[in-house]
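Participant: Letter by letter, the chains look like this.
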Amino acid sequence: MSTKNIELEAELHEHDHDHEHHQSFITKYIFSTDHKIIAKQYLFTGIFWAFIGGLLSVVFRLQLGFPDMDLEWLRPFFGKWITINGKLDPEFYLALVTMHGTIMVFFVLTAGLSGTFSNYLIPLQIGARDMASGFINMLSYWFFFASSVVMFISFFIETGPASGGWVVYPPLSALPQAMSGSGLGMTMWLTAMALFIASTLLGGINYITTVINLRTKGMSFSRLPLTIWAFLLTAIIGLLSFPVLLAAALLLILDRSFGTSFYLAEIFINGEALPNMGGSPILYQHLFWFLGHPEVYIVLLPALGITSEVIATNSRKPIFGYRAMIGSMMGITILSFIVWAHHMFVTGMNPFLGSIFMLLTLIIAVPSAVKVFNYLTTLWKGNIVFTPAMLFSIGLVSFFISGGLTGIFLGNSAIDIQLHDTYFVVAHFHLVMGSAAFFGMMAGVYHWFPKMFGRMMDEKLGYVHFWLTFIGIYLVFFPMHYIGIAGFPRRYYSFTNFDTFSMFTDLNAFVSVAAIITFGAQIIFAFNFLYSIFKGRIAPANPWRSNTLEWTTPRNPGHGNWPGKIPEVYRWPYDYSKPGAKEDFIPQNIPYSQTPESNLPFEKDLVEKEKAEKES
Amino acid sequence: MVVTVILIGLVLIIAILAVVYRIHSLVDVARGNHKKKVTGSNGVNAALLFAFLVLSMISLIWYSVSRFDVYSLPVASEHGISTDNLFWVTMAVTGIVFIITQILLFYFSYRYRYRTKSKALFFPENNRLEMIWTIVPAIVLAVLIFSGLKIWNQVTADPPEEAEVLEIMGYQFAWKTRYPGKDGQLGKYDYRLIDATNEFGIDFRDKAAFDDFTPREIHIPKGKPVLLKIRARDVLHSVFAPHFRLKMDAVPGMPTSFWFIPNKTTEEMRIETGNPDFNYEIACTEVCGRGHFSMRMLVVVEEPEAYEKWKSEQEPWLSKNQDYLAKVPEDLQELALIKIGIDQ
Ligand code: HEM
Ligand SMILES: [Cu+2]
Ligand SMILES: [Cu+2]
Numbered sequence: 001m002s003t004k005n006i007e008l009e010a011e012l013h014e015h016d017h018d019h020e021h022h023q024s025f026i027t028k029y030i031f032s033t034d035h036k037i038i039a040k041q042y043l044f045t046g047i048f049w050a051f052i053g054g055l056l057s058v059v060f061r062l063q064l065g066f067p068d069m070d071l072e073w074l075r076p077f078f079g080k081w082i083t084i085n086g087k088l089d090p091e092f093y094l095a096l097v098t099m100h101g102t103i104m105v106f107f108v109l110t111a112g113l114s115g116t117f118s119n120y121l122i123p124l125q126i127g128a129r130d131m132a133s134g135f136i137n138m139l140s141y142w143f144f145f146a147s148s149v150v151m152f153i154s155f156f157i158e159t160g161p162a163s164g165g166w167v168v169y170p171p172l173s174a175l176p177q178a179m180s181g182s183g184l185g186m187t188m189w190l191t192a193m194a195l196f197i198a199s200t201l202l203g204g205i206n207y208i209t210t211v212i213n214l215r216t217k218g219m220s221f222s223r224l225p226l227t228i229w230a231f232l233l234t235a236i237i238g239l240l241s242f243p244v245l246l247a248a249a250l251l252l253i254l255d256r257s258f259g260t261s262f263y264l265a266e267i268f269i270n271g272e273a274l275p276n277m278g279g280s281p282i283l284y285q286h287l288f289w290f291l292g293h294p295e296v297y298i299v300l301l302p303a304l305g306i307t308s309e310v311i312a313t314n315s316r317k318p319i320f321g322y323r324a325m326i327g328s329m330m331g332i333t334i335l336s337f338i339v340w341a342h343h344m345f346v347t348g349m350n351p352f353l354g355s356i357f358m359l360l361t362l363i364i365a366v367p368s369a370v371k372v373f374n375y376l377t378t379l380w381k382g383n384i385v386f387t388p389a390m391l392f393s394i395g396l397v398s399f400f401i402s403g404g405l406t407g408i409f410l411g412n413s414a415i416d417i418q419l420h421d422t423y424f425v426v427a428h429f430h431l432v433m434g435s436a437a438f439f440g441m442m443a444g445v446y447h448w449f450p451k452m453f454g455r456m457m458d459e460k461l462g463y464v465h466f467w468l469t470f471i472g473i474y475l476v477f478f479p480m481h482y483i484g485i486a487g488f489p490r491r492y493y494s495f496t497n498f499d500t501f502s503m504f505t506d507l508n509a510f511v512s513v514a515a516i517i518t519f520g521a522q523i524i525f526a527f528n529f530l531y532s533i534f535k536g537r538i539a540p541a542n543p544w545r546s547n548t549l550e551w552t553t554p555r556n557p558g559h560g561n562w563p564g565k566i567p568e569v570y571r572w573p574y575d576y577s578k579p580g581a582k583e584d585f586i587p588q589n590i591p592y593s594q595t596p597e598s599n600l601p602f603e604k605d606l607v608e609k610e611k612a613e614k615e616s
Numbered sequence: 001m002v003v004t005v006i007l008i009g010l011v012l013i014i015a016i017l018a019v020v021y022r023i024h025s026l027v028d029v030a031r032g033n034h035k036k037k038v039t040g041s042n043g044v045n046a047a048l049l050f051a052f053l054v055l056s057m058i059s060l061i062w063y064s065v066s067r068f069d070v071y072s073l074p075v076a077s078e079h080g081i082s083t084d085n086l087f088w089v090t091m092a093v094t095g096i097v098f099i100i101t102q103i104l105l106f107y108f109s110y111r112y113r114y115r116t117k118s119k120a121l122f123f124p125e126n127n128r129l130e131m132i133w134t135i136v137p138a139i140v141l142a143v144l145i146f147s148g149l150k151i152w153n154q155v156t157a158d159p160p161e162e163a164e165v166l167e168i169m170g171y172q173f174a175w176k177t178r179y180p181g182k183d184g185q186l187g188k189y190d191y192r193l194i195d196a197t198n199e200f201g202i203d204f205r206d207k208a209a210f211d212d213f214t215p216r217e218i219h220i221p222k223g224k225p226v227l228l229k230i231r232a233r234d235v236l237h238s239v240f241a242p243h244f245r246l247k248m249d250a251v252p253g254m255p256t257s258f259w260f261i262p263n264k265t266t267e268e269m270r271i272e273t274g275n276p277d278f279n280y281e282i283a284c285t286e287v288c289g290r291g292h293f294s295m296r297m298l299v300v301v302e303e304p305e306a307y308e309k310w311k312s313e314q315e316p317w318l319s320k321n322q323d324y325l326a327k328v329p330e331d332l333q334e335l336a337l338i339k340i341g342i343d344q
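Sequences listed follow chains A and B, in order. Residue numbers 1 to 616, in this note's numbering, belong to the letters of the first sequence in order. Residue numbers 1 to 344, in this note's numbering, belong to the letters of the second sequence in order.
No wet-lab data here; the hints were simulated from the structure. Take the hints with a grain of salt, since some may be wrong.
[To be verified] Below, simulated DSS-like cross-link-like pairs (lysine-lysine); rule was C-alpha separation at most 25 Å, straight line: (1) B/K119 with A/K381; (2) A/K381 with B/K117; (3) A/K535 with B/K37; (4) B/K37 with A/K582; (5) B/K37 with A/K460; (6) A/K582 with B/K119; (7) B/K182 with B/K222.
Just chain A, same shape as in the assembly:
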């Protein structure tokens, strides 16, 4: 590991002398191979998509909250999808829901979150000059970009974007005659996802390789910040599960365009019996959820990693149970692969299989619970500084609890019979995955903004943003539990056709208003973000008085991150408020020999070891 690093260093130094000064704008900011620039590219693209995805949800919330509202004013945006009497077309409603889900899960919370922070933090926190392969890293972003372009264009085609739900179950998604979104829109969805998967895999390989090979001297796995552990495990999950989604998509493409019958059997549609025999729609669901469930953790683990870092730093306390945190993340990683069929309890799957998956699913709740208790204990007897990042992290833990507990209902197949595909599910996954991961992302942006842009974001605006968003999200998603318990199915354009679902018009209107306000609060964030890039207060070197290596770089780290030698690491990243220490933090690059006043008994021996190493 270290030899490799030295070689790379040598190479980079030469590189510095020859090329740095005549880098053009294009190679520096567009086709960059610098992990920090690529991270920002992911971040900007992610934020762009978050606004699109959020806007879509506001539009369909208008339909759900105010079914009688005249939406004529949306015609300039949606054209013929607004019907002549000023209503949203029901098929377009489904398109909005589908695109909202796809965008949020994949483009915002996978690419926008992992893409940004894995890229940004891995080299900086492990003490590396860059990613293992800058070129593959660049490729990863541009695949994502291409995927974004294809997905975006699909909004504007005649037949509309994909509309079979973000899970695009066949036969609905396979048959253009079943709904118009299953035509060209679906082809584009599949193309975009194929590009997206390529992007994720390229990124993931790089993250894993970099963490394994390029750690600086002294940065053993037991000294890695939890962020890096989270990114590493996330990349591993992605690498093992995304290919399966690609397989699922490939078979779907074959069924759609080449007359195969992997997922199709005995279909009579539009007055015509199709020739397909012997396929199984259930097969698709197994393949999809083999990615789909791990995907939940792909969006969640990085958020939890970021929170661990932020909570420890701002509680001025070591994260409680560092080893237990790593253990539980590993447990989650492994278990996440063997619970997928809990999404399929009532698909007609063998009930015995249902029993097995119920058992496995509820086991995965244990490591999740451990993480929550560890967070709580970290706060206990802390000395807590409420930076915006800290508030978002506390918010994350709150959502993670609320949404995690409802998972215990849904993972129990007997209870899931009633709750499956109702608003209870919408409430559950928005809290535990959507909002928690979104808050993780926000915490990350607020926390590492000073490193990324060399300036501070405004705290007060951050507080306003936090409070409006935090309260707003609870007001949007908590009521959906009641609506779900009352049996309201999801992906419904309207509820007026059923007596059973005739109540809650007031609550639905309330939720929609809360959603609009929550969305509005994000404009405050966008403003704070953009404005601070140019006009924010100049950031001090280590604004949060944090221990990790990224804060040892210059204010605006250049290509190669550290101008001189890469710092060496002597201790774990969580020496906060160590008894005897002068300050309430000791960065990872401070040797034990410099901190005799605070060394613990077993660390005294390490001083000797340090000395021995210096001499050799």
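Given chain A's structure and the hints, the job is docking chain B with the ligands onto it.
Facilitator: This is chain B with the ligands only, laid out in the frame that chain A set:
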């Protein structure tokens, strides 16, 4: 027009934000706030977190109690009673955990807010604690799992021999139902036989099909096991009968089923809910296209005698569509005529 208004609004908001932002960053610099480790906002945020805890808990409890009757759906099947029980037991368990952990989260945040003189406790790990909060949740979950498993096994067990059988078929965008008729056997079907009239694709080479009838709404007897044979004609659908706590996907090419025992007649339910217009409904819960939200089917639960009477009054599909007698093989023609009650 609208676009301009939105644009102007946006510009205004941004302008206001910019001014506010500028002013207070100047004020901050003047006060030297950025040099302090924490500002007065720290106490404010701590207090707000605490206030949030109190207010949200109060409104949560108030809403959950006062609207209980609105959101809790009356249950009308035998297994539904058990699953509901388990639901509420789980609610109690998770509710307690929810309240305790949220209180700890917000209380700790408030209680241990930054104070200049205090120092955080260096407390990196404690294996005892980790063991406790691994094992206790594991035990609690195990109990919930095994209760669930027991119910799940009962619900998904093979249906009793004597169950009333009926077929329900989903298509874009409605449900259709078919009963076996007097012989108690549903006739075979083949999707290639479907046409505008024979929407089920009933195969009249099978003599069990002759007396099948296809009413517009489902009738089922109270207190008797009912077996739904579920299928789909075009895309996925899902049979959802909320009051019976019943849900099962309808899958093209792969018939599924669900059996249950309804335990309240429609009349009884009308009295219980105080709603004289109450009806049991079936909805679709697997997105299936533009009309997904409108796939409604009525279910009538009756006393067994009334049900038998209703059943005996139904006319076989074949007798309503006698053109299809031509599809019946020569040797079965006579039987078909007898079964549909036409004697020459
Ligand atoms: C402004 C905030 C948001 C609001 C108001 C919102 C609202 C909704 C609603 C009401 C639905 C269900 C629509 C229906 O079933 O008819 C939905 C679906 C969904 N949302 Fe969100 N959401 C928001 C943010 C997010 C985020 C951050 C995520 C990231 C995980 C997300 C992921 C999804 C997914 C995966 C679906 C399912 C799509 C489908 O059914 O195919 N949403 N959203
Ligand atoms: Cu899952
Ligand atoms: Cu349907």
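Participant: Hint compliance check: list the failing hint numbers for this structure, sorted ascending.
Facilitator: none
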